[in-house]
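Protein chains: 2
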Amino acid sequence: MKIGVLGTGMVGHAIGAKLIQLGHEVKMGSRTATNEKAAGWAKANGANASHGTFTDAAAFGEIVFNCTHGVASLEALKQAGAQNLKGKILIDISDPLDFSKGMPPSLSVCNTDSLGEQIQKAFPDMKVVKTLNTVNCNVMVNPSLLSGDHDIFVAGNDAGAKAKATEILKSWFGWKSVIDLGDITGARALEMWLPLWVRLMGVMKTPNFNLKIVK
Amino acid sequence: MKIGVLGTGMVGHAIGAKLIQLGHEVKMGSRTATNEKAAGWAKANGANASHGTFTDAAAFGEIVFNCTHGVASLEALKQAGAQNLKGKILIDISDPLDFSKGMPPSLSVCNTDSLGEQIQKAFPDMKVVKTLNTVNCNVMVNPSLLSGDHDIFVAGNDAGAKAKATEILKSWFGWKSVIDLGDITGARALEMWLPLWVRLMGVMKTPNFNLKIVK
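Just so you know, the sequences run in chain order V and P.
The opening position of the first sequence corresponds to residue 186 in the numbering used here, with each subsequent residue numbered one higher.
The opening position of the second sequence corresponds to residue 186 in the numbering used here, with each subsequent residue numbered one higher.
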């Protein structure tokens, strides 16, 4: 499958590399066509890996992963272009973490709104599925890195898109438990988990952890 | 030990009853000295159970539990009186859930502040420990209700108060894993977990669940 990955940070690199390993064709997009991190990633990941602008990556992908920093996501998607995203599934991994006031980061949107909702609202013809934003990129693509069972979540308005995202999480990435939180307003809950995640990372001295819901 | 429990809702009832079972003397406080729910609770819980105003309960307790609704907590503590709370540990279980705009509730404070911090700031001579607000009252006092291991958190500025709270959680209530999130700003993380908790309650059709951190 042809997949667009927006963003050249750790998350984009990890997701892109995993998708390449799975045999997909991946184009990593960034603000400029000559981004060094994107070019380096493409060079390191073989013939199925390429790079270009956000527009190029969105037009290329049958499915698109949003791996941009949350505070830049809406602008990146605007550059990608609504016409290139129309009807497509956007796997939205971004978190609206605002580091501009130092550590710990605050959220640039929360409580009565979320980045996932803002993205869905700005691109109504795209099918946004919020997922994977609750874990570090190492865990996203390799959940068996952690011992025992643990959970990942999906939230989105389109049932078909959530089913496809769930298939990607389970069959491609190896997640065993995917909890459906309902419509895209569930993104509020998933993004507001971040302050606890950040705090726990400090306590546990590792970003490689996750939560398991216990009944 | 003499313990004050502020609040006459489900949380106050559950915490109060558990403390009575453990052999402590408990005074439940509310806005008025004649609150029917507090009187009913005291009547049902034997000679060691009593009730009165917030002031009465705060003056009575060597330790005080804040089980009031979060949006009313600061006013309740004001009524309790700084002089009655001075030097005491306040176990702050409250969540700033605002139901005034319908379901799902939003938080009346979050992101760059928290109710736990507001309480500590308003009562600097009291030792606030934020804990237990992340689970339903059934689980608070009976963690073995759930299968397997799961975690509870503490956040607060006073190390001695956190050590006492941890002893209460472990020795009195039966918690096996207590994670220290650091100072009272950790209350932001613990209160911002609530949106995910509320969403999960809807999905799982039960309030009796918790999270376990998996490494």
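The hints are simulated quantities; they were obtained by calculation from the structure and are not laboratory data.
You may find that some hints are simply not true.
Which copy is meant is left open, so a pair is good if it fits within one copy or across any two.
What the hints assert, rightly or not - Here are the simulated SDA-like cross-link-like pairs (lysine to any residue), alpha carbons at most 25 Å apart as the crow flies: (1) 228 - 288; (2) 228 - 216; (3) 273 - 400; (4) 355 - 256; (5) 203 - 309; (6) 361 - 232; (7) 390 - 357; (8) 390 - 247; (9) 397 - 233; (10) 355 - 388; (11) 222 - 298; (12) 349 - 388; (13) 286 - 362; (14) 286 - 349; (15) 397 - 359; (16) 390 - 287; (17) 286 - 357; (18) 390 - 264; (19) 306 - 362.
A quick note: this is a predicted structure, and the numbers were derived from the prediction, not measured.
Numbers of unmet hints, in rising order: 1, 3, 4, 5, 6, 7, 8, 9, 11, 13, 14, 17, 18 and 19
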